[in-house]
Amino acid sequence: MPYLNRRRFLTVAGLPVVFAARLPAGIGLLGLETEDPLPGKHPDLTILNDRPVNAETPPHLLDQRITGADRLFVRNNGIAPASPPADPSAWELRIAGEAVPEPVVFTLAELKQRFEHHTYQLTLECGGNGRKEFSPPASGNQWSTGAVGCPEWTGVRLRDVLEAANFDRKKAVYVGYYGRDTHLSGDPDKVVISRGVPIAKALEDETLIAWNMNGQPLPHLNGYPLRLLASGYPASVSGKWLSEIAVRDRVHDGEKMGGASYRVPCKPVAPGAEVDDEDMCIIEEMPVKSLLTSPKTGAILSDTKTLPIAGHAWCGSGAVSKVDYSIDFGSTWQACALTKPANRYAWQHFSAQIEFPQEGYYEIWARATDDQGRAQPMVLPNWNPRGYLNNACHRIAIKVV
Amino acid sequence: MPYLNRRRFLTVAGLPVVFAARLPAGIGLLGLETEDPLPGKHPDLTILNDRPVNAETPPHLLDQRITGADRLFVRNNGIAPASPPADPSAWELRIAGEAVPEPVVFTLAELKQRFEHHTYQLTLECGGNGRKEFSPPASGNQWSTGAVGCPEWTGVRLRDVLEAANFDRKKAVYVGYYGRDTHLSGDPDKVVISRGVPIAKALEDETLIAWNMNGQPLPHLNGYPLRLLASGYPASVSGKWLSEIAVRDRVHDGEKMGGASYRVPCKPVAPGAEVDDEDMCIIEEMPVKSLLTSPKTGAILSDTKTLPIAGHAWCGSGAVSKVDYSIDFGSTWQACALTKPANRYAWQHFSAQIEFPQEGYYEIWARATDDQGRAQPMVLPNWNPRGYLNNACHRIAIKVV
Amino acid sequence: MRSLRHFLLLLFLVVVLVQACSTDEAPSAPPPRRENIVDGLDSLTGLIAQGDYRLVKGNCLACHSAKLITQNRATREGWLDMIHWMQETQGLPDLGKNEGPIVDYLATYYAPEETGRRPPLDSVEWYILSAAGGQSSAER
Amino acid sequence: MRSLRHFLLLLFLVVVLVQACSTDEAPSAPPPRRENIVDGLDSLTGLIAQGDYRLVKGNCLACHSAKLITQNRATREGWLDMIHWMQETQGLPDLGKNEGPIVDYLATYYAPEETGRRPPLDSVEWYILSAAGGQSSAER
Chain A
1 MPYLNRRRFL
11 TVAGLPVVFA
21 ARLPAGIGLL
31 GLETEDPLPG
41 KHPDLTILND
51 RPVNAETPPH
61 LLDQRITGAD
71 RLFVRNNGIA
81 PASPPADPSA
91 WELRIAGEAV
101 PEPVVFTLAE
111 LKQRFEHHTY
121 QLTLECGGNG
131 RKEFSPPASG
141 NQWSTGAVGC
151 PEWTGVRLRD
161 VLEAANFDRK
171 KAVYVGYYGR
181 DTHLSGDPDK
191 VVISRGVPIA
201 KALEDETLIA
211 WNMNGQPLPH
221 LNGYPLRLLA
231 SGYPASVSGK
241 WLSEIAVRDR
251 VHDGEKMGGA
261 SYRVPCKPVA
271 PGAEVDDEDM
281 CIIEEMPVKS
291 LLTSPKTGAI
301 LSDTKTLPIA
311 GHAWCGSGAV
321 SKVDYSIDFG
331 STWQACALTK
341 PANRYAWQHF
351 SAQIEFPQEG
361 YYEIWARATD
371 DQGRAQPMVL
381 PNWNPRGYLN
391 NACHRIAIKV
401 V
Chain B
1 MPYLNRRRFL
11 TVAGLPVVFA
21 ARLPAGIGLL
31 GLETEDPLPG
41 KHPDLTILND
51 RPVNAETPPH
61 LLDQRITGAD
71 RLFVRNNGIA
81 PASPPADPSA
91 WELRIAGEAV
101 PEPVVFTLAE
111 LKQRFEHHTY
121 QLTLECGGNG
131 RKEFSPPASG
141 NQWSTGAVGC
151 PEWTGVRLRD
161 VLEAANFDRK
171 KAVYVGYYGR
181 DTHLSGDPDK
191 VVISRGVPIA
201 KALEDETLIA
211 WNMNGQPLPH
221 LNGYPLRLLA
231 SGYPASVSGK
241 WLSEIAVRDR
251 VHDGEKMGGA
261 SYRVPCKPVA
271 PGAEVDDEDM
281 CIIEEMPVKS
291 LLTSPKTGAI
301 LSDTKTLPIA
311 GHAWCGSGAV
321 SKVDYSIDFG
331 STWQACALTK
341 PANRYAWQHF
351 SAQIEFPQEG
361 YYEIWARATD
371 DQGRAQPMVL
381 PNWNPRGYLN
391 NACHRIAIKV
401 V
Chain C
1 MRSLRHFLLL
11 LFLVVVLVQA
21 CSTDEAPSAP
31 PPRRENIVDG
41 LDSLTGLIAQ
51 GDYRLVKGNC
61 LACHSAKLIT
71 QNRATREGWL
81 DMIHWMQETQ
91 GLPDLGKNEG
101 PIVDYLATYY
111 APEETGRRPP
121 LDSVEWYILS
131 AAGGQSSAER
Chain D
1 MRSLRHFLLL
11 LFLVVVLVQA
21 CSTDEAPSAP
31 PPRRENIVDG
41 LDSLTGLIAQ
51 GDYRLVKGNC
61 LACHSAKLIT
71 QNRATREGWL
81 DMIHWMQETQ
91 GLPDLGKNEG
101 PIVDYLATYY
111 APEETGRRPP
121 LDSVEWYILS
131 AAGGQSSAER
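Chains as they are written, first to last, in UniProt numbering: chain A, 1 to 401; chain B, 1 to 401; chain C, 1 to 140; chain D, 1 to 140.
Same shape as in the complex, but just chain A (with noise of 0.2 Å):
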């Protein structure tokens, strides 16, 4: 029998419970635990669930042009693992799947002397950012604006290493990871989540294999000791406590890559519509979108009618061509300064300086435009049953007073 400690004997002692007799040792009844749940973060990040840890970041702690390691969203699928690992140069990863001719190990010290390294700041978005104005809603955790961050990583091209294990280009079509989390029953036999990319993004400059963020080994919850990283692909491409890449030669079809997950429909479908899972289509580039950063929203101007405004701006290919705010609700709109980004994939920023024509209650939207003319949504845009891909404008409220 699981050991039960004193707490959870009293809060488990008042239910009906059917299902705690069975419970697996070390797993307890949720909500109850006292612990961090988030070591290593900022304490106002918005815990979105606890099993598995999901969290968000306040628009205003982003502000940062690099995102702080304590302040980059947390979404796990499974459960990390449960303590760092003892020696982590001794971390392995393999390549292997039908593309490799045989499949290949390398400790992450390995990684780091016999590949050149790589630096760049590279926007991680979560899929479902936005999910949480999903209207009718889309179940799975209510991100509001902040499962995004944009902080700069280092590690080895995916490329490069793949070509180390000799891959065969003609017969690669996808890669696949596999990581060392552990799904939510504690099962170790069930894989919590293998996601991957086209080969043609696998292969991309800014493909990353990494361990380091922002210059210091990347946090336990995002993945230490190593990680993939797909930029502009929803984040969960860029697979955590990374153990394996299968360069595969069809589609992969890992844990998530079917179904309603990560997928949204082919076609265009009315709101709360029922969708087959065959006609649902995987997700790639993520659209463009910007976040207003400052001010925190709600800010009342008592001794001005001008406001700085300052945010970010990013997309899933190209570049964000230029962004631009309303006060009247999009009636007009005026430009925002923009700047280029630090290497592709990394957010830009935008700020302007806002001229209040009297006093009142006004809201702040901002609007960024892909270089292919495509801007975000003052609403939301098509429905989808999990709620992914909502890059409608963000917004503060302001009063002048």
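Hints were generated in silico from the structure; no laboratory data involved. Careful, some of the hints might be misleading.
To be verified - Cβ pair distances, simulated, as ranges:
1) D:Glu88 to A:Gly272: 17 to 25 Å
2) D:Gly91 to A:Val251: 20 to 28 Å
3) A:Gly259 to D:Lys97: 25 to 33 Å
4) A:Thr304 to D:Pro112: 36 to 44 Å
5) B:Asp276 to C:Glu125: 40 to 48 Å
6) A:Gly259 to D:Tyr127: 42 to 50 Å
7) D:Gly100 to A:Asp279: 26 to 34 Å
8) D:Gly100 to A:Arg114: 57 to 65 Å
9) C:Glu77 to A:Gly259: 44 to 52 Å
10) A:Gly272 to C:Asp39: 21 to 29 Å
11) D:Trp126 to A:Asp87: 48 to 56 Å
For each residue, glycine too, the CB sits at the ideal point set by N, CA and C.
Position chains B, C and D against the provided structure of chain A, taking the given hints into account.
Same frame as chain A, but now just chains B, C and D:
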């Protein structure tokens, strides 16, 4: 004691009536009548209220370039005169007020004979058109999109008549109207509504005292035999069953000129805010707006991916400079063809041919922009307590199968 | 004045009783519209037929249609504001002890809904549109 | 297997009773978090403390946090779909006779809300921002 017919007895009988015994003569319990509340109107108008009569027109019924008399919405504040005048030519209009040396009375026959006739196509839109979308909700008739129309009106210029009454240009600030409708309470001393416009608006070429709509006498519900028309302002300034024009030396202070009636906060307020009367300002020019009148929403295209669309666009001053449509919730917009107005204050007609990229559910959004660069917002614009001036984009639903 | 009103009320009730017993209706005449409940709504007014809806029928519908109620949504405070506005400007008398139950009914069955800055398109009636020509071509 | 489970359940209850009577807690230790209701919510889980919320506590929280429930909204059918998905892919056992009451609870207290294509900005926490410099300047 008032006369109560049998039907009224039966329906009153079962109720816990505290009020019925005090019913004035001629006033029954409403919702119990069987007569047509909309004589002369298209049967598909939507009745919002039958006492006072308020009815709006579904978008597809407004597809005509010149709105038919049977399709113009009805927004009455009181009860229309019980029966048309026996001799309309003897209908009297009095010109009075502080800025008129002494009151002058013209019969309708005199007006027709003495002054030059003018015909203009003039848009008439209720200030509360679109109120239904307000959130938090605003009280009053819950107009959807159909409290608008654009018939051709024939009459004389208000300016010519005021000049004939020798009004004082230096003293004149505002005109106010009075009409021959009856207050809901039945009290003959209560004024139903008495609004008006600034003198500059009153003196415009297109401000008419009109007796004809589309070459025929006005419909009874729309003001027969005589009404005011000051297009571009909320329709409530265009008084019906017109019996008097007061040329005022101050802003007119008639019924429904004050309080929250046809007024919005002078400064923008947060949704749901309480606003003191002294902080409310009279609505003047209506904002830019458009309506998709073809096809009717809900069209299923089974044998084509091509769809012609059409509609009208208008604004309270100046002209509409462009209309665009979007089928991706405003991420991208395409230009429509747009006609010039028949005359100032006439709505303009837009059209386009949509090629849908694939099967699926689509919403077609139309967005007009005025010659000042102000576009319709995609979302509810500034909230106000009574729900006026909602000019958010109109949209229809389409399926390509 | 008070006794006159009592007299009238009494007279009224007598007439109701007399009428209720009379059978002078021609057999071929359409039956009078009787109060009944269809799909949870009072068939004569469209009011939600729960709680004190009869108080609303008795006190509100002399001056305006029930549609002015059924198309609106408001909080308790909002409905009370509307009643007070009608009393101040439209001649509605004091509702006495009925005011509480009436406002309760309105705030319960006609409460505000949250629709955001853009409500969904709902209640779309779908129909087949042929490529050969829309319904609008004849009208323009 | 069945009798083993019965034995474990019995053992479990015995231990609960023994623990409930024990007083070996140091007096200075923080009091254990007891089940109670604050503002209508179960203080330990945040679940709305009405109806069969204890069934939800007992059957759902072994594998995931109550937050996965409290942040979601769905129809009865939607909640049932989620339960079936957990059973098919996540190892959730059959809930037996508890399934009905659990789904009823979820569909009642965590029903979908209509927010349209753009929800309102709500729960804004207002604060004074001085012209001298925003809070962001230090961070950028």
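Worksheet item: That 26 to 34 Å hint for Gly100 (chain D) and Asp279 (chain A) (C-beta), does it hold up?
Response: 31 Å, holds
Item to complete: Mind checking the hinted window 40 to 48 Å against the Cβ distance between Asp276 (chain B) and Glu125 (chain C)?
Response: At 43 Å between Cβs, range holds.
Worksheet entry | 48 to 56 Å as the expected CB spacing between Asp87 (chain A) and Trp126 (chain D), which holds or is violated | 51 Å, holds
Item to complete: Given the range 17 to 25 Å, decide if the beta-carbon distance of Glu88 (chain D) to Gly272 (chain A) lies inside it.
Response: This hint holds: roughly 23 Å between Cβ atoms.
Worksheet item: Between Gly100 (chain D) and Arg114 (chain A), is the Cβ distance one that fits in 57 to 65 Å?
Response: Taking Cβ atoms as reference, Gly100 (chain D) and Arg114 (chain A) lie about 59 Å apart, which means the hint holds.
Fill in: Range agreement (Cβ of Asp39 (chain C) with Cβ of Gly272 (chain A), hint 21 to 29 Å)
23 Å, holds
Practice prompt. Confirm or reject the claim that Glu77 (chain C) and Gly259 (chain A) have a C-beta distance inside 44 to 52 Å.
Written response: 47 Å, holds
Worksheet item: Is it true that the C-beta distance of Gly259 (chain A) to Lys97 (chain D) lies inside 25 to 33 Å, as the hint says?
Response: Given a distance of about 29 Å, which is inside 25 to 33 Å, the answer is holds.
Discussion item. Given the hint of 36 to 44 Å, is the C-beta distance from Thr304 (chain A) to Pro112 (chain D) inside that range or not?
Written reply: Holds: the Cβ-Cβ distance is about 42 Å, inside 36 to 44 Å.
Worksheet item: Quick one: are Gly91 (chain D) and Val251 (chain A) within 20 to 28 Å, going by C-beta?
Response: 26 Å, holds
Item to complete: Starting from the range 42 to 50 Å, see whether the pair Gly259 (chain A) and Tyr127 (chain D) falls in it by beta-carbon distance.
Response: Roughly 44 Å apart at Cβ, these two residues keep to the hinted range, so it holds.
No hint from the list above goes unmet by this structure.
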